[in-house]
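S.K.: Below, each chain spelled out in residue letters.
Number of protein chains: 4
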Amino acid sequence: MNTWGEKIKISIFGESHGAAVGIVLDGIPSGVELDLEEIKREMQRRAPGRNSISTPRAEADEVKILSGFFDGKTTGTPLAGMILNTNTISKHYQKELVRPGHADYTGFMRYGMSHDYRGGGHFSGRLTAPLVFAGAVAKQVVAAYGVTVGAHILRIGEFWDTAFDAVQVDAEQLRTLWQKEFPVLDWQTGDKMQREIVRQRDQLNSIGGIVECAVVGMPPGLGAPFFGSVESRISSMMFSVPAVKGIEFGAGFGFAEMTGKEANDEFYMKDGCVKTYTNHNAGINGGITNGMPVVFKAVVKPTASIAQKQRTVDIEKMKDAEIEVHGRHDPCITHRAAVVIEAATALVMLDLLLDNGAEGIR
Amino acid sequence: MNTWGEKIKISIFGESHGAAVGIVLDGIPSGVELDLEEIKREMQRRAPGRNSISTPRAEADEVKILSGFFDGKTTGTPLAGMILNTNTISKHYQKELVRPGHADYTGFMRYGMSHDYRGGGHFSGRLTAPLVFAGAVAKQVVAAYGVTVGAHILRIGEFWDTAFDAVQVDAEQLRTLWQKEFPVLDWQTGDKMQREIVRQRDQLNSIGGIVECAVVGMPPGLGAPFFGSVESRISSMMFSVPAVKGIEFGAGFGFAEMTGKEANDEFYMKDGCVKTYTNHNAGINGGITNGMPVVFKAVVKPTASIAQKQRTVDIEKMKDAEIEVHGRHDPCITHRAAVVIEAATALVMLDLLLDNGAEGIR
Amino acid sequence: MNTWGEKIKISIFGESHGAAVGIVLDGIPSGVELDLEEIKREMQRRAPGRNSISTPRAEADEVKILSGFFDGKTTGTPLAGMILNTNTISKHYQKELVRPGHADYTGFMRYGMSHDYRGGGHFSGRLTAPLVFAGAVAKQVVAAYGVTVGAHILRIGEFWDTAFDAVQVDAEQLRTLWQKEFPVLDWQTGDKMQREIVRQRDQLNSIGGIVECAVVGMPPGLGAPFFGSVESRISSMMFSVPAVKGIEFGAGFGFAEMTGKEANDEFYMKDGCVKTYTNHNAGINGGITNGMPVVFKAVVKPTASIAQKQRTVDIEKMKDAEIEVHGRHDPCITHRAAVVIEAATALVMLDLLLDNGAEGIR
Amino acid sequence: MNTWGEKIKISIFGESHGAAVGIVLDGIPSGVELDLEEIKREMQRRAPGRNSISTPRAEADEVKILSGFFDGKTTGTPLAGMILNTNTISKHYQKELVRPGHADYTGFMRYGMSHDYRGGGHFSGRLTAPLVFAGAVAKQVVAAYGVTVGAHILRIGEFWDTAFDAVQVDAEQLRTLWQKEFPVLDWQTGDKMQREIVRQRDQLNSIGGIVECAVVGMPPGLGAPFFGSVESRISSMMFSVPAVKGIEFGAGFGFAEMTGKEANDEFYMKDGCVKTYTNHNAGINGGITNGMPVVFKAVVKPTASIAQKQRTVDIEKMKDAEIEVHGRHDPCITHRAAVVIEAATALVMLDLLLDNGAEGIR
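Chains as they are written, first to last, in our numbering: chain A, 1 to 362; chain B, 1 to 362; chain C, 1 to 362; chain D, 1 to 362.
What the hints contain is simulated information worked out from the structure, not anything from laboratory work. Heads up, a few of these hints could be off.
To be verified - Pairs of lysine to any residue, SDA-like flavour, derived with a Cα cap of 20 Å:
1) C:LYS95 with B:LYS95
2) C:LYS261 with D:GLN203
3) C:LYS319 with D:GLU6
4) C:LYS73 with B:GLY221
5) B:LYS317 with A:MET269
6) D:LYS317 with C:TYR268
7) B:LYS9 with D:LYS9
8) C:LYS9 with C:GLN140
9) C:LYS180 with C:LYS192
10) A:LYS261 with B:LYS309
11) B:LYS275 with A:GLY112
12) C:LYS309 with D:LYS317
13) A:LYS309 with B:GLY221
14) A:LYS95 with B:THR88
15) D:LYS64 with A:TYR268
16) B:LYS95 with C:ASP71
17) C:LYS275 with D:LYS309
18) C:LYS317 with D:LYS275
19) B:LYS95 with C:VAL32
20) B:LYS275 with B:PRO219
21) D:LYS270 with D:GLN168
22) B:LYS317 with A:TYR268
23) C:LYS9 with D:GLU6
24) C:LYS64 with B:THR88
25) D:LYS64 with A:GLY112
26) D:LYS309 with C:THR278
27) D:LYS275 with C:ILE315
28) A:LYS73 with D:ALA20
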């Protein structure tokens, strides 16, 4: 299903080579002034064709707001945004040869032969453009509640950026990342990562990476035990982002070698607020925020589209075949995924805030 | 929220020290014969008090089926199961001292001072008992569709079990795990793990671990892109299991250092079916099953309850304090979590099967 | 599906002749003191076997609260209530002969031959007992927000009670109805109605009726346009009550002969509040409350169980047959339905209040 | 909330005087050929400005399909349709004077002063245009399952059309109604109704009516007891249609004066199928279809916009005021509502069919 959310409902639509991609965002509070220039900048951060490490398919990615916005403010009714597809070249796509690592085969198994296979159709990374639009709106709304979301590239191949300090990370550090074309904390590592991406591109190959995302300013008490846990909500959203294949909160898989003494975040009082000395649990206990930063990592697999010859099957003839995937592709999508993950996280935070009555207290 | 699912709806209730814990399972197909003895065995696998590496709180964990079951078969209407709490000792719990690593503080922030704090209340690991009951039912239903789910302890502290072979894992191997009190593939590693757990217990400490879970027999074409992806559904369920803090599918975080050439699972035909040579993508492309085994790992943090002195706050006086958590606790919950994860995975698989019309094709 | 609600989630379970019937109520705010005696009285109002105009099947209908209630208050976590079935006689029910007007045939078509047909199974009016329990809780919670719900029997056969004055109806009038065994505004009409019911019973027949329900104290601004309209929510709940086959809000079907001039409720100011002179629209404009009383009527069809010979089919032999429905039945269920409708309405009102952030403002 | 559905999810957006209105339809099966000309005709049936008894605001109501449609067939992914607003005149609308019978006041109470009040904004009857588009698609999809939906005007003011015969109504009769500009069974009554509408228009007034809708071809066994009942689903959708204030199934409010003997629809076998002699229960027992035609009536209140002087309040100054509603309005909307009700009913039928696995059996 293409809908998500408790208090906000998101409905996403479109195909890579269809008329348009878009999103309907229901449940946004009314009366929030939106900075359209800022939304445009967010769209540009994700947009393709901007540099040598992204796909040369250039798309303006201009969002046309169709509803829910009047006199510079949200109206409270559904906010619909649409992005026309302007630069599509469909000749590269052969229906019968399913591309390894892509959803071509599963798309046909799910939807039958009427599935729009061109450029990945509805499975295309292009569908993250409306998600970034929705997230850009959400970032502005949660800002009104004092919440800031930011993400950086933690790893590309062998190169690791400095990780967030889960206790000290603050809004200013996160906002700095918004300005960067290639968001890392340590620019020297960033240079090495970019050289690695170029190297992979030159070898007709691609490379994966890890994005780290942090949220500061979330009040304690949001979320729920079990199915409505903060981790459940964030992860259900993150695994909606194409290419994400793993997520860990706080110490994550490192918990496997920690003892309870190390892993428990002990409490103390500071300025009348309850804080924890460490933040291995990522600001979440029992599925509910405790007021410390929410920090998680998501792994992004290498771009599936590579120009090398690969073994596949011809699903019409039902026999083995070979394929070389042409077209215009990213040798790495981790840096673009970071923008999407940041945006998608803002949507989850907004849903959590509204679900716990934040609208009333604004 | 305590409800989950598209075609099956699960509603879980209860507190650790209340009258009962239970679950309502709506959407189970009618006419499925249930083996009640098998369900009892599943309950026993999770039940506390069975050995030296689990909590000595002994509970029969006998499920009373209240509805949805008639003449040995499911009726198709909601199946409700209830487990009475019989062995509760509430004297250990002090309302005002919130236990580090637990949901005491967040519970009070979410629900206010009327929250039932005794033994973790609704946040207690005890709530996984009804989940195992529901999963035991689901395991029998999905078996009718040819689907098998199994899990083992991949890691405790420094000790690693052999991992599943993501291509070769089969139903027989998974069913073998169901019979083991301490589910590992390599019993010698299992012995070391158990000694490590005892060692931590003796030091009034606890230890974390990783559970690996596999599903075989899922037909291709189940799931959806975006919010209904197989990964989104599994993860939203897994993060409902207390103490799970990370999940990765297939190569998971390893994708960060892989190239596209390595990561893509190339296709081939075998006996008229589409297969992949490797299975780094865990049987899932674009959120939809491709017919290969679904394999994932979930990390389980060390038990938060430890008898050592810890720093905390007194939330009534709003000042720093110290706490020693007494009561009867597990020095490691990974082996019990493995049973819960297996059960919970069966519920997700059932929902996926039914959501794609499996009921009609049975 | 047996779940309902946006902010509160209700999950209902049970069969007439199974072990128990019950309900899980998720989303109830924490810290609400519940008057258990009052809940008991509400259960008694619906309970069978109390007088000559109801079924002689006597059930204590004692609710056992399993969770979500601690130290006299709600905890905020799921509130589960269970009622054991104690007085069941299953011998009257013949699986193969489907009773006209009942769900026997459709139950078998929906669930197959494993459906629990005894006493209507899951379709039984007995399932309204947990609904009344949930509604009794909801009535106490909405009372804390100043909201009162009440219902009376508007019509039985040819006899009409006085209708509510949609502008003047107040909390006191509604609370008076709670005390009445046979809730009508005009007791003389009530007597005639009861004589009519006895007359039908003596003729081995049954009779239908209309229930009118009113809600006062709802603040303006609750609800939503389209699918979340107050009318959509109330009606989706009311048609969950067995035997309800129609609903009209305010002037209802009378609107067909009204002009716009007559139908529009003109506004005026009174004591700083916006009021309407008339209330043909039942306190709802565009799906959203306007602060005036919410008033609606629901029609309840005559009890389907009658002891006269009726034509039916034998669904095993697939041929025409005859049936006389024995057992212990109500000659009219309108008066018991009034209690259910009142309770169910309180649940909808609570969901509306919470969906619009009422929890925060209490 | 502006989303609806179990298996299909509908998300509606737009305002009367904004850029566009539209809808996202998720869950439509793939591979269904759509007759776009037929969809165009359906849009024309609802479109304004076609004759003297409708508003002179002429809108082409051309739907631009943005996604989910490829090579003449549905793809199975979300189908988005958008209709640009081309003929808007906003000068007539005064923000501070709330129009009686409209949602202006409740819109401001719900969404605050940022609500788009122009032409009713999101509450406008114009939002039914995307609903008719979605319904036109649904009509074609359910036709593939042998299901036909049709509606006629049963009543305008004092004039009654012939009612459907709930047992005999068939697909041919329903399809005939699709061709009529003013859908009635008896054209002479239709003439009188139209003269009555003109008479009300000339008096600067408006008039209400009743629409009767029937569905034939629904297989038995669809729907569910309680919250998923066929009646709950239809009614939750119908009360989303602006101006609908009541609904009754089959004998409806007439059940109040019927006995069980009269009301029960006795069964018999015909050509190997179970049928009922009468159809007072509208083809629904216990919330589930029994295979007989589904028949219901919905009342449509008179257009709220009338050019006569009415009493209202100025919500900025919070004092009594007067208003004359100018602009271009329908003196009766029942005939346009009939098209919307027919379309919306097709959406519910499609959801019911898919929810019960119909996709698999096609």
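S.K.: Now tell me if each hint is right for this structure.
M.R.: Going down the list of hints, with the structure as the test:
1. Distance check on the hinted pair: LYS95 of chain C and LYS95 of chain B sit about 54 Å apart at the alpha-carbon level, beyond 20 Å; violated.
2. The hinted pair formed by LYS261 of chain C and GLN203 of chain D meets the criterion: a straight-line CA distance of about 10 Å does not exceed 20 Å.
3. The hinted pair formed by LYS319 of chain C and GLU6 of chain D fails the criterion: a straight-line CA distance of about 36 Å is larger than 20 Å.
4. Between LYS73 of chain C and GLY221 of chain B the CA atoms are separated by roughly 48 Å; this puts the pair beyond 20 Å, and the hint is violated.
5. This hinted pair checks out: LYS317 of chain B and MET269 of chain A have alpha carbons roughly 11 Å apart, not beyond 20 Å.
6. Distance restraint check for LYS317 of chain D and TYR268 of chain C: the Cα-Cα separation of roughly 12 Å lies within the 20 Å cut-off, and the hinted pair is therefore satisfied.
7. A threshold of 20 Å between alpha carbons decides the hint, and for LYS9 of chain B with LYS9 of chain D the separation of about 17 Å falls inside it, so the pair holds.
8. A hinted pair counts as satisfied when its Cα atoms are at most 20 Å apart, and LYS9 of chain C with GLN140 of chain C qualifies at roughly 17 Å.
9. Between LYS180 of chain C and LYS192 of chain C the CA atoms are separated by roughly 16 Å; this keeps the pair inside 20 Å, and the hint holds.
10. For the given pair, LYS261 of chain A sits about 9 Å from LYS309 of chain B by alpha-carbon distance, which is consistent with the 20 Å threshold.
11. Restraint check for LYS275 of chain B and GLY112 of chain A: the C-alpha separation of about 18 Å stays at or below 20 Å, so the hint holds.
12. Annotation: proposed proximity of LYS309 of chain C to LYS317 of chain D is violated, straight-line Cα distance about 68 Å (limit 20 Å).
13. As the CA atoms of LYS309 of chain A and GLY221 of chain B are separated by approximately 26 Å, the hinted pair breaks the 20 Å bound.
14. Using a Cα cut-off of 20 Å, the hinted pair LYS95 of chain A and THR88 of chain B is violated, with the two alpha carbons roughly 62 Å apart.
15. Taken as a hint, the LYS64 of chain D and TYR268 of chain A pair is broken in the structure, with Cα atoms around 59 Å apart against an allowance of 20 Å.
16. Taking the CA atoms of LYS95 of chain B and ASP71 of chain C, the gap is near 13 Å; set against the 20 Å cutoff, the hint holds.
17. Distance restraint check for LYS275 of chain C and LYS309 of chain D: the Cα-Cα separation of roughly 18 Å lies within the 20 Å cut-off, and the hinted pair is therefore satisfied.
18. Our distance criterion of 20 Å between C-alpha atoms is met by LYS317 of chain C and LYS275 of chain D, whose separation comes to about 15 Å.
19. Distance check on the hinted pair: LYS95 of chain B and VAL32 of chain C sit about 19 Å apart at the alpha-carbon level, within 20 Å; holds.
20. In summary, the hint linking LYS275 of chain B to PRO219 of chain B is supported, as the alpha carbons are separated by about 12 Å, within the 20 Å threshold.
21. With a C-alpha separation of about 14 Å, the suggested pair LYS270 of chain D and GLN168 of chain D falls inside the 20 Å cut-off, and the hint holds.
22. Of the supplied pair hints, the one linking LYS317 of chain B and TYR268 of chain A holds, its CA atoms being roughly 12 Å apart against a limit of 20 Å.
23. For the hint pairing LYS9 of chain C with GLU6 of chain D, the CA-to-CA distance comes to about 16 Å; that is within 20 Å, so the pair holds.
24. A threshold of 20 Å between alpha carbons decides the hint, and for LYS64 of chain C with THR88 of chain B the separation of about 19 Å falls inside it, so the pair holds.
25. A hinted pair counts as satisfied when its Cα atoms are at most 20 Å apart, and LYS64 of chain D with GLY112 of chain A does not qualify at roughly 24 Å.
26. About 16 Å separates the Cα atoms of LYS309 of chain D and THR278 of chain C, which keeps this hinted pair within 20 Å; it holds.
27. Restraint check: the Cα-Cα separation between LYS275 of chain D and ILE315 of chain C comes to about 12 Å, which is no more than 20 Å; the hinted pair holds.
28. For the hint pairing LYS73 of chain A with ALA20 of chain D, the CA-to-CA distance comes to about 17 Å; that is within 20 Å, so the pair holds.
The structure shown violates the earlier hints numbered 1, 3, 4, 12, 13, 14, 15 and 25.
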